[in-house]
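Dock chain B against chain A, hints included.
Protein sequence lines, in the order shown, are assigned to chains A and B.
In terms of the numbering used here, the first sequence opens at residue 21 and continues consecutively.
In terms of the numbering used here, the second sequence opens at residue -12 and continues consecutively.
Please note that the accuracy of each hint is not assured.
[Stated by the list, open to error] Below, a sample of chain B positions facing chain A; criterion: calculated Cβ distance under 7 Å:
1. I(-10)
2. Y(-9)
3. G34
4. A50
5. L99
6. L100
7. T219
8. A223
9. L238
10. Q246
11. L277
12. L279
13. F287
14. S288
15. L289
16. A290
Calculated directly from the structure, the hints in this document are not laboratory data.
For each residue, glycine too, the CB sits at the ideal point set by N, CA and C.
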Amino acid sequence: MIRAGLLGLGLGLLALPALAEQVVLGLSRDRVQITTTFDGSDILIFGAVKREAPAPEDPMDVVISVQGPSTPVTVRRKSRRFGIWINTDTVEVGRAPSFFAIATTSPIEDTLLRIEDMRERVSLDRAISGWRWIDDVEEPLEFLDALKRIRFEEGRYTINESSIAFDEETLFRTSIRLPANLTEGGYLTRIFLTREGRIVSSYETVIDVHKVGLERWLYSLSREQPLIYGLMSLALAIFAGWGASELFRAIRRA
Amino acid sequence: MQIYLPVAEVSVNIYLLLGLGGMIGILSGMFGVGGGFLLTPLLFFIGIPPAVAVATGANQIVASSVSGLLAHLRRKTVDLRMGMMLLVGGLTGAGGGVFIFNYLKSLGQVDLLINLCYVIFLGVIGALMFVESLRALRRSRVYRPGAPRRKLHQHTWAHALPIKMRFRVSGLYISVIPVLLVGFLVGMLSSIMGVGGGFIMIPAMIYLLGMPTRVVVGTSLFQIIFVTGFTTLLHATTNFTVDVVLALLLLIGGVVGAQFGTQIGLMLKAEQLRIGLAALVLVVCGKLALDLLLEPSELFSLAAGEAPE
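Only chain A is shown next, with the shape it has when bound in the complex (with noise of 0.2 Å):
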């Protein structure tokens, strides 16, 4: 019992700064619905530290990353081949989150190590992996340049560094956008508790984004039964046209 409890004392001195503080967090919503009228959505991410003892001396940061499904994307380049502009060059990147958000309480390199980053995937050039080049590309660094500066672009991709509001080292809260253009699936949201680099608690979720209603319905109908889509967007013209004909001619005829 007592020496359970002196190695409890001992793991607990080791794990102590990871135990010591948590996070407890809040979501403004965990679901996203894209429904017909979607535009887009701002969702609120707001927490606080759970401490058991007072906080050290060293000043605490907090980094939030949300992250899209991850898919390979295939990134061309154009060039001037017999007058016109052709894609020429391809770089294949075997990884790419389809949405990716940061939000940090101070500069990024700050925040976080270098190691610690490497080992939890936390920025933007550590989530996009695995690329090679299909040709002989001379500059493929150029290409996943590309790739984040048209998805940032788009809005797929934010870094807003120094963006959250950290409330005497308690409570944090930010706010991140998911553009209109959404891919389902789920978002790993994480927030990591950081001092002087290194990752002292961490914590995550996942906050699901899917299509409801008509959209699920016609965006499954496509994939699952492609002929009866197809069939039915037939059918739809053919009325369609049919019904025009017929109202003008009712109309024409008043």
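For chain B alone, kept in the frame of chain A given last:
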């Protein structure tokens, strides 16, 4: 008001789509063309993925063509026998076109193919039509009112080939080979470009097959319905790129616009209409050509999925 398109997976303004459909409808009512050659590039422009724009454009053309065909059937200006023959060629061509489309999509060259097709066909046809209608306009100034007398039909090389067939409504006795070829070509273009192909079919019927003008539009619509319908099904089952919500919105604008377009069309002379259409075709062609020739502002493009080895 924004609407989320389930298959295209983008959110667009509903009024923009209705307006676009309406605009295309006005033009198609005025000039008697499906308007697919304008619709598909405009859909690219507002951010619909090209593959979805092509497949959905085909579906939308089915609707506007059905509406037009019914009017022609009532006036008995459809050569069904000719239509069936064009259709045989057309369906084969559409199948081939979807195959080429999918192959080039996997190579990442599908946008180039679509753009090149547009530039070449719009350029050639626009220029021909422009020259022809300008000449007609000048002729009509010389002696009004009656149009210059033409022969019942002109004998072309289409009359010299074997396997002849009689087409009563068109008053023709010609070989089926050029008919099948025209059908095949238009079918292929329709699945690659997401257009009905009326702008190619109509000149081909008049100048290559020597068909009388009064049956040309109805017959072309007849075959377009089946070819674009088949194309829609092929794209829906192989690429999953038909967006029924997008098609429906374009269609509502389209049918209303077409009625106004027809009224405007009645106020203009046939030559003026043809010149207008030719100018429109050339403008679209010029815009697409510039996109190919000028350095794009973004050299890189992304595609989901893995490139083939």
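> Per the CB criterion, is A290 of chain B less than 7 Å away from chain A?
Replying inline: At about 4 Å, which falls below the 7 Å cut-off, the nearest Cβ of chain A leaves the hint on A290 of chain B intact, so it holds.
- prompt: At a threshold of 7 Å, is the proposed contact between I(-10) of chain B and chain A supported by beta-carbon distances?
  reply: 6 Å, holds
Item to complete: Identify whether the interface hint at L100 of chain B stands, where standing means a beta carbon of chain A within less than 7 Å of its own.
Response: Result: violated, 10 Å to nearest chain A Cβ.
Can we keep the Q246 of chain B interface hint, with Cβ of chain A closer than 7 Å? 5 Å, holds
Holds or violated: is the Cβ of A50 of chain B closer than 7 Å to a Cβ in chain A? Holds, because the Cβ-Cβ distance from A50 of chain B to chain A comes to roughly 4 Å (cut-off 7 Å).
| Regarding the hint that L238 of chain B lies at the interface with chain A, is the smallest CB-CB distance below 7 Å? | Nearest chain A Cβ about 5 Å off; hint holds.
Practice problem: Using Cβ atoms only, decide whether L277 of chain B comes closer than 7 Å to chain A, and label the hint accordingly. | Solution: 11 Å, violated
key: Restraint outcome when L99 of chain B is required to lie within 7 Å of chain A by C-beta distance   = At about 5 Å, which falls below the 7 Å cut-off, the nearest Cβ of chain A leaves the hint on L99 of chain B intact, so it holds.
* **Restraint satisfaction for Y(-9) of chain B [CB to CB of chain A, less than 7 Å]** => 4 Å, holds
- Verify the interface restraint on A223 of chain B: the C-beta must sit less than 7 Å from at least one C-beta of chain A. 3 Å, holds
- Query: Does G34 of chain B meet its interface restraint, that is, does its C-beta lie within less than 7 Å of any C-beta in chain A?
  - Reply: 9 Å, violated
Taking 7 Å as the limit, does the beta-carbon of F287 of chain B come near enough to a beta-carbon in chain A?
-> Holds. Min distance 3 Å.
Figure legend: structure checked against the earlier numbered hints; hints not met, in rising order: 3, 6, 11.
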